[in-house]
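Colleague: Here is what each chain is made of, one letter per residue.
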Amino acid sequence: MALMTQEWKREHLLDTSQLTLNELKAILARARYWEENWRPGMGPYRGRFAANLFFEPSTRTRFSFEVAEKKLGMEVVNFTPDVSSTAKGESLYDTVKTLASLGVEVAVIRHSDPEQVKALARQEVGCKILNAGAGHWAHPTQALLDLYTMLKHFGDLSGKTVAIVGDIAHSRVVHSNMWSLKRFGAHVILSGPQAMRDRDCEQEAPYVPFEEALQTADVVMMLRVQLERHQEKLFTSKQDYHKQYGLTLQRLRLMKPEAIIMHPGPFNRGVEVADEVVEHPRSKIFEQKANGVWIRMAVLEHALEGEKA
Amino acid sequence: MALMTQEWKREHLLDTSQLTLNELKAILARARYWEENWRPGMGPYRGRFAANLFFEPSTRTRFSFEVAEKKLGMEVVNFTPDVSSTAKGESLYDTVKTLASLGVEVAVIRHSDPEQVKALARQEVGCKILNAGAGHWAHPTQALLDLYTMLKHFGDLSGKTVAIVGDIAHSRVVHSNMWSLKRFGAHVILSGPQAMRDRDCEQEAPYVPFEEALQTADVVMMLRVQLERHQEKLFTSKQDYHKQYGLTLQRLRLMKPEAIIMHPGPFNRGVEVADEVVEHPRSKIFEQKANGVWIRMAVLEHALEGEKA
Amino acid sequence: MALMTQEWKREHLLDTSQLTLNELKAILARARYWEENWRPGMGPYRGRFAANLFFEPSTRTRFSFEVAEKKLGMEVVNFTPDVSSTAKGESLYDTVKTLASLGVEVAVIRHSDPEQVKALARQEVGCKILNAGAGHWAHPTQALLDLYTMLKHFGDLSGKTVAIVGDIAHSRVVHSNMWSLKRFGAHVILSGPQAMRDRDCEQEAPYVPFEEALQTADVVMMLRVQLERHQEKLFTSKQDYHKQYGLTLQRLRLMKPEAIIMHPGPFNRGVEVADEVVEHPRSKIFEQKANGVWIRMAVLEHALEGEKA
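Protein chains in written order, with numbering that gives the first Met the number 0: chain A, 0 to 308; chain B, 0 to 308; chain C, 0 to 308.
No wet-lab data here; the hints were simulated from the structure. Possibly wrong hints are sitting among the right ones.
Identical chains blur together in the list; that is why a pair holds if it fits in one copy or across any two.
Only pairs whose alpha carbons sit at most 25 Å apart, straight line, appear in this in silico DMTMM-like list of lysine to aspartate or glutamate [what the hints assert, rightly or not]:
no.	residue 1	residue 2
1	Lys8	Asp155
2	Lys24	Glu123
3	Lys151	Asp199
4	Lys117	Glu89
5	Lys181	Asp239
6	Lys117	Glu275
7	Lys8	Glu257
8	Lys24	Glu34
9	Lys242	Asp112
10	Lys8	Asp274
11	Lys159	Asp239
12	Lys181	Glu89
13	Lys117	Asp274
14	Lys24	Glu89
15	Lys151	Glu123
16	Lys8	Asp197
17	Lys255	Glu104
18	Lys151	Glu286
From a predicted model like this one, the values you see are computed outputs, not experimental measurements.
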């Protein structure tokens, strides 16, 4: 995974792996500050510009960043690939450099190709790059909000076990989460169907049967099944997947009394997670979304204040 | 039409039929307040968030809400179905609940399926739902701005006759308008081609020939012909429709001296309304659009202040 | 070209040709004022509304206007053709008039058909029209930012030679630039392949061979090759075009010592301009983008203050 390689400028946030434990703690502390203190009308970065460039579809991440930017008082421009000059063949570098020339200080980017995002961060683009999900490689703000959600519940993660279950192979959050969770002393285990396993991840965390994962974990993090991305038909139907790997009310009873349920979303009700489980008292799924705004405010602040710190 | 059934939480605005005469009057009074008092920079709801979710195309309603939200000082996020997670199969409930988790207090929704909007309003979504047009069922803010426009012209509507003419069967505004007009003592009559009649509406208001409607009405409200939605070819051409049911300058002369022309838009010049009639001195068509902003400001305020009242 | 014909209301900005030398100077002076004095949070037009209507794709112009509007404190609504009522067949006039009715004071329009934009400017639409590029006819704010960039570099343009090179026939900026450059005493020459010549432009400026243009010019303005718009295959490949008409490092050495490189963008690296030339010390390409914001702020201000002046 080469997580420790620091190949880009530190002012950009490309993955959790670039952050020291102290930097992680500082971001989490600022997120808590915003959660406790933000009020409508507050806006320390009034009149400063952020751009959101989403080359792949997204609801929660895009709007979460947009809300975070606006809660900080920032002005926001939203770049939609099809109505803009990428239709004329412009490169990502030229698009971002153009936005920076216009006065944009932070570019939030989701892209299918991590190499393009990394290449960008190695160059002089004139603004800070925040990775909002790059292929299957990394999704640092998701990992940070997951971390924040767990710390709010448990206080401390050392010795806790986090089970990540499902479509490991197609997830962009697993790597980012494994890194930050380990820095906080948590133990990660993986589970899911054979065909959705990922060789890289297995070098970092063991695969266990689903039942064992449920019984052992303090956090059960279910991943979205991206059936559309699997070339061979893995399951005869969504019902079939649900039967074998869905988190049902029945399986929830196997979990430890304090254990919580998480999901990075968007979730498929009735596939990897039962309808009744999504809003179960032990589910943090919608709380994760709320926490995402505070984390993204902290990350934006970290980027904008980077030189000072 | 079951207009009186109150099956959803009152904090949401789904149709005019849920509003008492006093509530209608309160909203109209606030619209007048904003029309008379709003100045650039005023923004009582600064830093509070609205989301516009338009699952069907719209210019005037979407921008009217966006302008209203921004005139109130609100921050706005615009949800466009194709670039977001509904492409990954997310339900309306989960999308709206996610936005609410991010801090959105009001969701303005246009959707083709009224049942989905009603279902939403029966659940705990965490934000206020404003219906911006649901299928052919209801479009309450259009009815409110129509009402406001008529009251500005006539002062009082009791005893006045409003003729709604054209494609009744495919209109989303007819039901909402009939309800609110009746509460203000107006008499509604309908007119239009046989094939565009609507059985539900006929139980509430009589159909009359076009000429009679023109001679009797104080308000002639022309509806957009949605020829594309009719399965059988009703007319050989738009010209043919115009000849039989278009509001021409010649037909305008049949109207009473004080009578006004309205249209919810978008209008088809040369089809249901002649080019020269759109901006005729007796036409309120563009004034309706201007009034829509004040009404939507009042409706947003009503939603946000609901608990206090 | 009929540049002098003043057929529309002066409050709209349709082309540079409508501006006197004094008006041009006033706009340039205000651009400089904004460049030197703008700070985050400044916003003289807070709470006033601009609409961006881009019927053709654009990155730099659209975002440049949006950033300019927001730097002035304006509220912005962005109109995207496919999700709005033009899908229902609404005319440009009715769309703009509707936006004006909602409170929009300035409409920034890019459209493929200049006649529609001109027709709009002859009518009473209720808001100011700023042309953000109309077909191949005119793109006044691009010409103004080009002018501003040249004046910043040279101080004075009288006697200077500007070579415009490449796809003259499909460019929207050539006409607008020729007009404003002449008013400042600059001499324009043209160059490029035979099939990309434009008869109208040739009446105003001579065509010269590429090498001669490079040796003579104080400004070398390269135009984007719009190969996709040429019906006959002009070149066997992009490489072929680059070889014959691309601005390479080797050709750059032919230029005068003080001469600068410009490009209205979006540029094709490796086609009309070599990769290494785009960010060469003599290139003003990204500075042009930065200047575009200050120019557009000045143009918006000019439109909004028009009546006062």
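Colleague: Indicate, hint by hint, whether the structure satisfies it.
Modeller: A quick look at each hint next to the structure:
Neither within a single protomer nor between protomers do lysine 8 and aspartate 155 lie at most 25 Å apart by alpha-carbon distance, with minima of 31 Å and 40 Å respectively. Within a single copy, lysine 24 and glutamate 123 get their C-alpha atoms no closer than 28 Å, and across copies no closer than 34 Å, so neither meets the 25 Å cut-off. For the homomeric pair lysine 151 and aspartate 199, neither the shortest alpha-carbon distance inside one copy (29 Å) nor that between copies (54 Å) is at most 25 Å. When the C-alpha separation of lysine 117 and glutamate 89 is checked against a cutoff of 25 Å, the pair qualifies only within one copy, where the shortest distance is 18 Å, while the shortest distance between copies is 30 Å.
Within a single copy, lysine 181 and aspartate 239 get their C-alpha atoms no closer than 33 Å, and across copies no closer than 54 Å, so neither meets the 25 Å cut-off. When the C-alpha separation of lysine 117 and glutamate 275 is checked against a cutoff of 25 Å, the pair qualifies only between copies, where the shortest distance is 21 Å, while the shortest distance within a copy is 40 Å. When the C-alpha separation of lysine 8 and glutamate 257 is checked against a cutoff of 25 Å, the pair qualifies neither within a copy, at 40 Å, nor between copies, at 34 Å. In this assembly of identical chains, lysine 24 and glutamate 34 lie within 25 Å of each other by CA distance solely inside one copy; the values are 15 Å within and 39 Å between copies.
With identical chains, the CA atoms of lysine 242 and aspartate 112 are never at most 25 Å apart, being 33 Å at best within one copy and 31 Å at best between copies. When the C-alpha separation of lysine 8 and aspartate 274 is checked against a cutoff of 25 Å, the pair qualifies only between copies, where the shortest distance is 23 Å, while the shortest distance within a copy is 43 Å. Taking CA atoms no more than 25 Å apart as the test, lysine 159 paired with aspartate 239 passes in neither setting, with 31 Å inside one copy and 62 Å between copies. Taking the shortest Cα distances, lysine 181 and glutamate 89 never come within 25 Å of each other, neither inside one copy (39 Å) nor across copies (32 Å).
Taking identical chains as interchangeable, the C-alpha atoms of lysine 117 and aspartate 274 lie at most 25 Å apart only when they sit on different chains, with a minimum of 20 Å there against 38 Å within one chain. Proximity of lysine 24 to glutamate 89 under the C-alpha cut-off of 25 Å is found in neither arrangement, the shortest distances being 38 Å within a copy and 33 Å between copies. Proximity of lysine 151 and glutamate 123 under a CA criterion of 25 Å is satisfied inter-copy only: 24 Å between copies versus 37 Å inside one chain copy. Taking the shortest Cα distances, lysine 8 and aspartate 197 never come within 25 Å of each other, neither inside one copy (29 Å) nor across copies (47 Å).
In this homomeric assembly, lysine 255 and glutamate 104 never come within 25 Å of each other (Cα to Cα): the closest approach is 45 Å inside a single copy and 35 Å across copies. In this assembly of identical chains, the alpha carbons of lysine 151 and glutamate 286 lie at most 25 Å apart only when taken from the same copy (11 Å versus 47 Å across copies).
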